[in-house]
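**Student:** With chain A fixed as given, assemble chain B onto it according to the hints.
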Amino acid sequence: MNPVITPTINLLMALTVGGLYAVGFYLLLQRSLMRVLIGVVVLGHGTNLLLQLVGGPPARAPIVGSAPADTFADPLPQALALTAVVITFALTTFLLALSYRSFVLLGHDEVQDDLEDRRIARRGGPAAPLHQDAGPDGRTEDER
Amino acid sequence: MTALAALPVLLPILGAALAVVVSTSVLAQRILALTTLGSMVVVAAVLLVRADRSGPVVIALGGWAPPVGIALVADRLAALLMLVSTLVALAVLGYAISQRIADYGRRMASSTFYPTYLVLSAGVSLAYLSGDLFTLFVSFEIMLTASYVLLTRRTSEQTIRAGMTYVIVSLLSSLLFLTAVAMVYAATATVNLADLSERVAALPPGLRTVLALMFVVVFGIKAAMVPLHFWLPDSYPNAPAPVTALFAGLLTKVSFYAMVRTQTLLFPHERPWTLMLWLAVATMLVGALGALAQNDLNRLLSFLLVSHIGFMLFGLAVFDARGLSGATLYAAHHITVLATLFLVGGLITRRTGTVALDRMGGLAATSPALAVLFAIPALTLAGLPPTAGFVAKLQLLQAGAGAGVGPTAVAAVVIAASFLTLFALTKVWVRAFWGRPRPTVEDPDPHDELEVGTARTPWPMYAATAGLVAVSLAIAVFAGPLSAMTGRAGEDLIAREPYRVAVLGDADR
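Chain order of the listed sequences is A and B. Take 4 as the starting number for the first sequence in my numbering and just add one per residue. Take 106 as the starting number for the second sequence in my numbering and just add one per residue.
The following block holds chain B by itself, in its conformation from the complex:
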């Protein structure tokens, strides 16, 4: 049964290869991509149940036992985030397929989109599962390379510029990641995370701090932590809506997961982590204030994405079981809600023909379905009760209030940033949904692939978005069992022993 842990990586890689083989039939590609992601959801769910009931599922690849061989580890944190990520990837794929049918016609085949999409899913799964630093590096490369291709597929002046920034910044952080791996190996002679958790403790404190900070910088760039966030609002909004939604939902959260994994396992703190508290404050405020200054809907959402990374960093900074539990729940909720908002943004642009908020108006009257689809995730992101965002935020606030003066002060910033989020989203609501209906902006380039400014939106696009809204509502409905499980995940992260024993076995103890 442990072979199950390899499936979330194997299935999409095989699916991608097959999708290239059948690239002449676009129907076969669609079915293949949907089946692959559908079965990944099932596998991730089974893994989550198993990891929750009987401890982490570990597979030693090639039969080489860790720490020599490569291990894939699915514990509660990894399995939960993987389940949410694959669900989001599936819904976004549904949206993308129906948009492509509407815009490009049923017959048009694309040899690159579906394989790349599946490769990206494989990279995301591998990042969640990898039990050693180098596999983590490789998984990030798989994921990012696929994302470069998805971002720059439609080459226009805009996407090239955005793609260039994105690729170079990501490459730089990857090279820093590799440097950090080399340093860790030089200091400890291993890259296995479980093995490292013992060996790093024996290093001199100065060296430990240097290594910890290198990982903070590496994953900070990829997770868009202020002051390393500048690339995100500049590159994400230029991709087509499904691609942006996928990136916004998955990529930054995978980096946050990697940060949690490395910091809790390798560099544990006894007390709240002051540096990370400051970074969380900066991220929350800069992101939210940046969002307020925007007129472009997608850029506004990108800044909100950055802001809410800060909420999760706060959970990590508190560095106890409750804080990590809150951060995990927040990440799960954030993956769904950001992807939903970007999909809704795509629907709005499709309807109005523009991303500029001051050229929209009266959408609540002309398209009530769109208004409902925007309102629910917007309220969830702002964290109003009884949504999933409120549940996760409440856990974070409780953790902060119980952890001393510093975290309590930052908890106040959390509330302030939530208000700013609500303010920014209200701005969108007032400008785009209320007021006089405005004329649709003409498609600036009617001959390109993407159709905007049209009322002709196929229902599956709405259905896929509504499906994601339903997922975020489900997180709120099942908040009890979910937060109990993230609580157990948080305790495991702090204890560190369950992960070590699961990977290395307790024979030598």
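Okay, chain A solo, but in the shape it has when bound:
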């Protein structure tokens, strides 16, 4: 009979999940579509790891035979994580295809400003470009 493991948070895992979320959100805020995409992937990993983490401490046995319930690993979070992995995988491929399409059509992989941003930039002065994407500092990519 195993000694009952007290369900405390695994600090290393918690830090890893936190780190993955931080990196993911940081990358999401970048202008390059490729970085945004990697940000989504990293965030997805963080979320899936979190799902694993909530199933209880590691190194418990899968449900085989009969024993007290707390010696087994909780199978539900693993099932949830499996589903979530499939979904994030599918959406990552879709996003990859979309960014490739964006690269083919636009010739670069920058996230474009939205319509209101461009309108406001246009009001800022005659120098503001009409069609090219102005960055936050009002200059286009070429000028930088």
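These are computed hints drawn from the structure, not numbers from a lab. One should not assume that every hint holds.
[Claimed, not checked] Here are the in silico distance ranges between beta carbons for each label pair:
| # | chain 1 | residue 1 | chain 2 | residue 2 | range |
| --- | --- | --- | --- | --- | --- |
| 1 | A | Leu99 | B | Ala521 | 44 to 50 Å |
| 2 | B | Arg313 | A | Gly21 | 38 to 44 Å |
| 3 | A | Val88 | B | Pro565 | 41 to 47 Å |
| 4 | B | Thr140 | A | Leu99 | 49 to 55 Å |
| 5 | B | Arg313 | A | Ala72 | 24 to 30 Å |
| 6 | A | Ala82 | B | Thr140 | 52 to 58 Å |
| 7 | A | Asp117 | B | Glu596 | 40 to 46 Å |
C-beta: ideal position from N, C-alpha, C; glycine also.
**Tutor:** What follows is chain B alone, placed relative to chain A:
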């Protein structure tokens, strides 16, 4: 008979699979899609009658009883919204089919449109029916993935940009949703909603607030609640009219439904919910003021869509049976009327060749049918008596006025936002329908799939739009029995016991 609750999901999934199989015959695909959605309407209506007469219809999938197994639950709220949603999806499909016949010719087959459309309907139904958080997550993924495909099917520079924003924002909210599900599971060891409604109550208040706020953010992004709305006016207007109408009608309301479901069942409030009141005020005003600043018809409608999400959030914020009843009725009316307005917007663009309001004019003289089709839903959205919008808004105002000082003040904002809505729609009316008729704008890209600037509009497109107008008029005509039923739905939501007993049974009580 409980198997009936699985049909709104099974039928469209099977239909989608079959539509892929018969993708060589476009006629077969059309008939298949129309029959599938038609039978979904019938099933949803039967479910609504049953749920209203004898309590929620529950099916335990695979024979595993909840809370272990997955349950599909059709109560009054879910069945009513599902009925309205499938009706709208059916009408929009009719519009889309006739537009595709007119523009692409009778023979042109599309292997992706009809299957994707049916998958999206399946996702919407599953979201209404799901009895646990993870199934809710999966249903949102089904629905959103289908919507990504529909939004980016015609790849131009515009749609790619719009699609990118939409996909990334939706993905982010989905990942946050998954995080919230993981947190809830860590705290309570269950994802079943009925089971959760008991276990969450035992959690410390701080943790409960964190979980509640996570769900507010997740569904707030998807429902376009200010300040999380920025993606919607930027992405919706770039899709073809039927797709925009479908999204505007269904997607945000499904998210609102999910917010109502989780907040009422998991995190009930005794008094009006102050945070949500503020969010409702912000949503109503920012949306309406944003609409006033627009010259693009579809963007204007998108901002109005955001604004009217605030009306429903107000109903939720009041947090009593009357407020929720008003919000439910408002959601049902909003699904129909927004879809209608976007379809009319599509017809206008088809006629004038442009979405810019300052390049239209005199449509009331050149196309009176279009003027009638625009005027009725516009007045309904603004909430003028005796339309459905007025009935729903009246319920919201009554609920607000009876719930204390804060909600009464917000009720005044509701009236102000209604005036702003009326103002924005009057602007459309004056610019597009009155004045001198203007020359039609040339189709900027005559070789693409979509034909604009043509008077050649097949009558089924008008008929489908008129059908939706008729649905919103029917909501006004049957306002009495409908509001009585949403009243019962609101009481059930506040009581929470009927849902719990229906899903878990009362054996352990």
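**Student:** Look at each hint and say if it fits the structure.
**Tutor:** We went through each hint and held it up to the structure:
1. A hinted range of 44 to 50 Å for the beta carbons of Leu99/A and Ala521/B is consistent with their spacing of about 46 Å.
2. Range check, Arg313/B to Gly21/A: Cβ separation about 22 Å, and the 38 to 44 Å hint is violated.
3. Checking the proposed 41 to 47 Å range against Val88/A and Pro565/B shows it holds: the Cβ atoms sit about 44 Å from each other.
4. Separation of Thr140/B from Leu99/A is about 36 Å and departs from the stated range, judged on CB atoms against 49 to 55 Å.
5. For Arg313/B and Ala72/A, the hinted distance range of 24 to 30 Å is satisfied, since their beta carbons lie about 26 Å from each other.
6. A hinted range of 52 to 58 Å is violated for the C-beta pair Ala82/A and Thr140/B, which are about 35 Å apart.
7. Distance hint check: the CB atoms of Asp117/A and Glu596/B are about 43 Å apart, consistent with the given range 40 to 46 Å.
When the structure is compared with the earlier hints, violations turn up for hints 2, 4, 6 and for no others.
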